[in-house]
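Student: Next come the chains, spelled out residue by residue.
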Amino acid sequence: MTAVLQAPPTSAPATGRRRRSPLAWVREHLILLIAGLAFVYMLLPNAVVVLFSFNRPAGRFNYTWQHFSFDAWLHPCAAPGMCTALGLSLKIGVLATLLSTTLGTLAAFALARHRFRGRSATNLLIFLPMATPEVVMGSSLLTLFVNLRFPLGATTILIAHVMFDISFVIVTVKARIAGLDPRLEQAAMDLYANERQTFFRVTFPLVAPGIAAGALLAFALSFDDYIITNFNASASSVTFPMYVYGAASKGTPVQINVIGTVMFMVALLAVGIGQLSARRRTQ
Amino acid sequence: MTALLDEPVQSTSGPDEARTAGAKRSTPYLLLLPGGVWLLLFFLAPIVVLVSQSLQTGSLEQGYVLTWHWGTYVDVLDTYHVQLVRSLLYAAVATTLALIIAYPLSYAIAFKSGRWKNVLLVLVIAPFFTSFLIRTLAWQTILSSDGPLTHALRQLHVLSLLRGLHLIDNDQLLGTRLSVVTGLTYNFLPFMTLPLYASLERIDGRLHEAASDLYASPWTGFRKVTVPLSMPGVVAGTLLTFIPATGDYINAQLLGSPRTTMIGQVVAGQFLRVLDYPTAAALSVVLMATIVLLVAAYVRRAGTEELL
Chain A
3 MTAVLQAPPT
13 SAPATGRRRR
23 SPLAWVREHL
33 ILLIAGLAFV
43 YMLLPNAVVV
53 LFSFNRPAGR
63 FNYTWQHFSF
73 DAWLHPCAAP
83 GMCTALGLSL
93 KIGVLATLLS
103 TTLGTLAAFA
113 LARHRFRGRS
123 ATNLLIFLPM
133 ATPEVVMGSS
143 LLTLFVNLRF
153 PLGATTILIA
163 HVMFDISFVI
173 VTVKARIAGL
183 DPRLEQAAMD
193 LYANERQTFF
203 RVTFPLVAPG
213 IAAGALLAFA
223 LSFDDYIITN
233 FNASASSVTF
243 PMYVYGAASK
253 GTPVQINVIG
263 TVMFMVALLA
273 VGIGQLSARR
283 RTQ
Chain B
25 MTALLDEPVQ
35 STSGPDEART
45 AGAKRSTPYL
55 LLLPGGVWLL
65 LFFLAPIVVL
75 VSQSLQTGSL
85 EQGYVLTWHW
95 GTYVDVLDTY
105 HVQLVRSLLY
115 AAVATTLALI
125 IAYPLSYAIA
135 FKSGRWKNVL
145 LVLVIAPFFT
155 SFLIRTLAWQ
165 TILSSDGPLT
175 HALRQLHVLS
185 LLRGLHLIDN
195 DQLLGTRLSV
205 VTGLTYNFLP
215 FMTLPLYASL
225 ERIDGRLHEA
235 ASDLYASPWT
245 GFRKVTVPLS
255 MPGVVAGTLL
265 TFIPATGDYI
275 NAQLLGSPRT
285 TMIGQVVAGQ
295 FLRVLDYPTA
305 AALSVVLMAT
315 IVLLVAAYVR
325 RAGTEELL
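If you're matching them up, the sequences are chains A and B in order.
For the first sequence, my numbering assigns the number 3 to the initial residue and increments by one for each residue that follows.
For the second sequence, my numbering assigns the number 25 to the initial residue and increments by one for each residue that follows.
Just chain A, with the same shape it has in the complex:
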């Protein structure tokens, strides 16, 4: 730790550190050891998901390793009902992402670019859904729908998902707008671009990565949500997380692990590409 606290933190070189005492050496490596263990803790379940996607379980539950098999990968839809649930989750996820990203981006521009009466109240309204436990949000929305005698189903799930997605999109996009260099827009104006041209040729392209990040987050939250969804779903609108939860008590098909593995790979790719393009932009 000694060396690092003295060196500029971002570019601490691996060699050429001066080690003052054995104690400092232990401390320095202790932190790396803890970080390594933390990674094992964080990635162990993913490794298990991947490994058990190649299992051929003896009974209905995929909990103990039996034989190596490609069966689940070759027949991903063999588990009854799973692909239907997956389809519904994808559909709701895409719609919720489109809606929440549009509404959230508009609101983010209002909050980042304008001062107006009621701004702090609006900020509070946006912050609250992120600070409310999911059971409370899910159960209160269910209470509303029950009181209005509104039938539960895919529509109510979509309404709920857009609701909890909006705040995350606003926060993500707002941060991006706030981080823009105002001089770029001033330069465009100085070069006789009108407001519309400035917005579409300078502002929007610069904010676009923030919007993309917000949309990705919105989709991930929607696709993965169980608690709020379960409150506002009907027996005929089973999403993928609801299917997985049901399987936990009835029997877990190996295909669940196949989907989990694919999701992890896609996530690695998406996040990795995002990181790479972000780095290229800064270079």
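Cβ-to-Cβ under 8 Å is the rule here; a few derived chain A residues that face chain B:
(1) VAL246
(2) THR254
(3) VAL273
Which stretches of chain A does chain B cover? Using the computed rule of at least three CB atoms under 8 Å from a CB of chain B, they are:
(4) 161-169
(5) 258-272
Hints listed in this document are in silico derivations from the structure and should not be mistaken for laboratory results.
In this text, a Cβ means the ideal position worked out from N, Cα and C, and glycines have one as well.
Chain A is fixed; fit chain B onto it per the hints.
Tutor: Coordinates of chain B only, in the frame set by chain A:
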């Protein structure tokens, strides 16, 4: 971020400002209208309905009437305070553990990873985008009583030690306090790590140099420079972990036993199986009020109101 947002970033100026002043004044409201209405209708209104429902009496078949029956709250607290306190306790322990794990982790990523930084960040974020239910089921596999982990810990007599510490009840890991808290900590670790990393990464390296130039030992420098500057990340991370962990019922349901029931399970059960809406609503309101009070006290104590 707050400071940045408080500055008017508006870059338009010139003679046509006065002409369009009327239109400009309504612009933010028009932009906010669709999203704001959505949140008012489907976030705020439901909470008002929830509070009203908790004070009603009646039945699902005959309908409910608002009778301001506060007695429901007394009954709810009387019956379920054990689960409520247990949830707060589990969430507090999980948050503490997540902080203990995430601080060195984000410190290592921010200051020690060199060119591996981006790879490590991807590895922190990627699991978050994989179904958390599937990952929680994987913990069932890892902790199962005939799994290699249980076997190894039994051989090493760690299981007896854990039993002695009252972390587990029998000779197994699954279905215990330990497994529920392990799952909670695991599930919310990214929520702790990312804000911590963001605040650590932002620290100006010259501050560390200044500290050591002024004869601060590394430990003093860490305590007096790094820790205070990372406080916004600590506060944000603990809130992002504690709030969802308190209301969570997936971990308790999939990794716990009837002896580890959390308040979220009770709320879900009352709403979806028992269909006793006033009791269920009162429970939900109690959970929300408890969290709001605790968070308000915590934020005030941490002195970071501007975070919100």
